[in-house]
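Peer 1: Here's the letter readout for the chains.
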Amino acid sequence: MLHKDNCHTSSEVGHAVHDEPAIQVERLAMAFGEGPARRTIIDGLSLTVARGEFLCIVGASGCGKTTLLRLLAGLARPTEGRIDFHGKPVNGPSRERAIVFQDYGRALLPWRTVGGNIALALETCKVPKVEHAERVRQLAETMGLSHAVNHYPSQLSGGMQQRVQIARCLAQNPTLLLMDEPFGALDAITRQGLQDEVARLAQVHGTTVVFITHDLEEAIYLGDRVVVLAANPGRILRDIPVDVPRPRHQLTTREDQKFLALRHEIFGLLEGH
Amino acid sequence: MGKRWLGAVIPVGVLVSWEAAWHIENVRMESLSRPWDVGLALFHGLAGGEFLIATAETFQAALLGFAIAAVIGLVAGVVLGLLPWLESVVGPSIDAMRPVPSVALIPLTLMIFGFGVRMEAAVVAFACLWPILIVTISAVRGIDTALLNVARVLEMSTYERMVKIILPAALSRIAVGLQLALAISLVVAVTVEIVLNPRGLGHGMMSAQQAMRFDQMYAQLLWIGAVGWGLSYGSQVLLDRWSPACRADRAKERS
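Those protein sequences? They're chains X and W, same order as listed.
So the mapping is simple: the numbering used here equals the position in the first sequence, first residue as 1, plus 1.
So the mapping is simple: the numbering used here equals the position in the second sequence, first residue as 1, plus 731.
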């Protein structure tokens, strides 16, 4: 729907079963500073993410969530350990791995319209110019931005700006979508709407998603799996599969017994640390 | 909006009291021409074309110097803004050269170029370079890392990053430096002409003064003021129309 040569087929949708995982993280460590000022942010973290999986990472602040995401994106290099993406080591950023920054206001080009911001990804991905208008129209429609294509980011609400950023990431046609507390700054209603949209898009396109949040309900609601991180240094405390049926519903899912049980479990884990 | 006429109080008041003072015997000073005569000299200067020729000469040197400074300042500023290590190599030299008064270069440029437009433009370029260079460095350095990360994640080429992210992001601040330099260019060009270069508005003023034609001297002073105002107004209009950031701002104001 979004791109004619989208490599994902419907059989890969949802809980994909593949030999080679999308992401393989092995004994990852990340430290900043030298000498006595040296701070270990992440230590000995190993993690596997299957293709098409929606993985949510929760943890208290200071547990290295954002650092982990930057490492997965290739925006930072780990001190130790390795990250493989589809079997190849991550050595730097790649268009295949789109990242939605928490701070949508800073990640959009203020001098470009909504359409121009979406087209930025098409331009760098060398999509033929004649297709731009149509692709922008489609992506804007998908993200509910059709009426705002000619507006500048500063004219939009926070929720709409975040939609623009997500649309730009989708324009990259990524196989992995990294999201860093993308809805943290939005009001509850806007947040719920965007949660459902991201869940639906990820499922339709079979995109692997790594979603960072401090909101444990959001993590359970969206995730196929929730990884709970402990802080100082950041490491995996628990890896919990979310056995709650899809499609999920903002009201009924959140009242589901399994959902509530997971909420209790993870709440306890986060409280204990 | 309705109070705009208040801005005219001071200039009109000065003109009226100036004219009035000229009519009082003991207050009159020969070196302060009568505003009426100044107005007449201004009219004749413009109608006769001498002011316009002198203006063209001054502008030629000012704009040439400005253009040279803009090209060097922008290119060097972007490069130094992106490469902090290079800036620590070049920075101290810049700091050492910047406080040199541009007028102090007149003897040197005179030796190199002789009288004429090239010598004047060289002094102007020296004076204009620093504001452009320094503003550009800080503008490029001040670009939000979030935008640079967007460029990295999209795997932009150096050229794409420059044209699509760095220049537009820094443009509104660079434009301030360019505007500042444009105003300086006129000041320095006229100064060089007053000091010794036999061309342009500055030289015209000096000739009038030496010929005791104070009416013509004041007329040219007024004209230089008007030209300077026009230049800064014109650059502001140009900036508003072309700067992408300003376009976004105006769209915001409309909504």
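It is possible that some hints are incorrect.
As the list claims (entries may be wrong) - On the chain X side, residues computed to face chain W include the following (Cβ under 10 Å): (1) 33; (2) 67; (3) 74; (4) 75; (5) 78; (6) 89; (7) 90; (8) 98; (9) 106; (10) 128; (11) 169.
Stated by the list, open to error - Only pairs whose alpha carbons sit at most 20 Å apart, straight line, appear in this in silico SDA-like list of lysine to any residue: (12) X:127 x W:755; (13) X:89 x X:79; (14) X:259 x X:249; (15) W:734 x W:744; (16) X:89 x X:25; (17) X:127 x W:891; (18) X:259 x X:234; (19) X:130 x W:880; (20) X:259 x W:816; (21) X:259 x X:241; (22) X:89 x X:127; (23) X:130 x X:107; (24) X:89 x X:200; (25) X:127 x W:744; (26) X:130 x W:886; (27) X:127 x W:807; (28) X:130 x W:888; (29) X:89 x X:151; (30) X:89 x X:159; (31) X:127 x W:892; (32) X:259 x X:242; (33) X:130 x W:734; (34) X:130 x W:914; (35) X:259 x X:200; (36) X:127 x W:734; (37) X:89 x W:883; (38) X:127 x W:748; (39) X:89 x W:886; (40) X:259 x X:226.
What the hints contain is simulated information worked out from the structure, not anything from laboratory work.
Note that CB positions come from ideal geometry on N, CA and C, so glycine has one too.
Peer 1: Going through the numbered hints above, which ones does this structure break? Give me the numbers in ascending order.
Peer 2: Of the numbered hints, 1, 2, 5, 6, 7, 10, 12, 18, 19, 20, 22, 23, 24, 25, 27, 29, 30, 33, 34, 36 and 38 do not hold.
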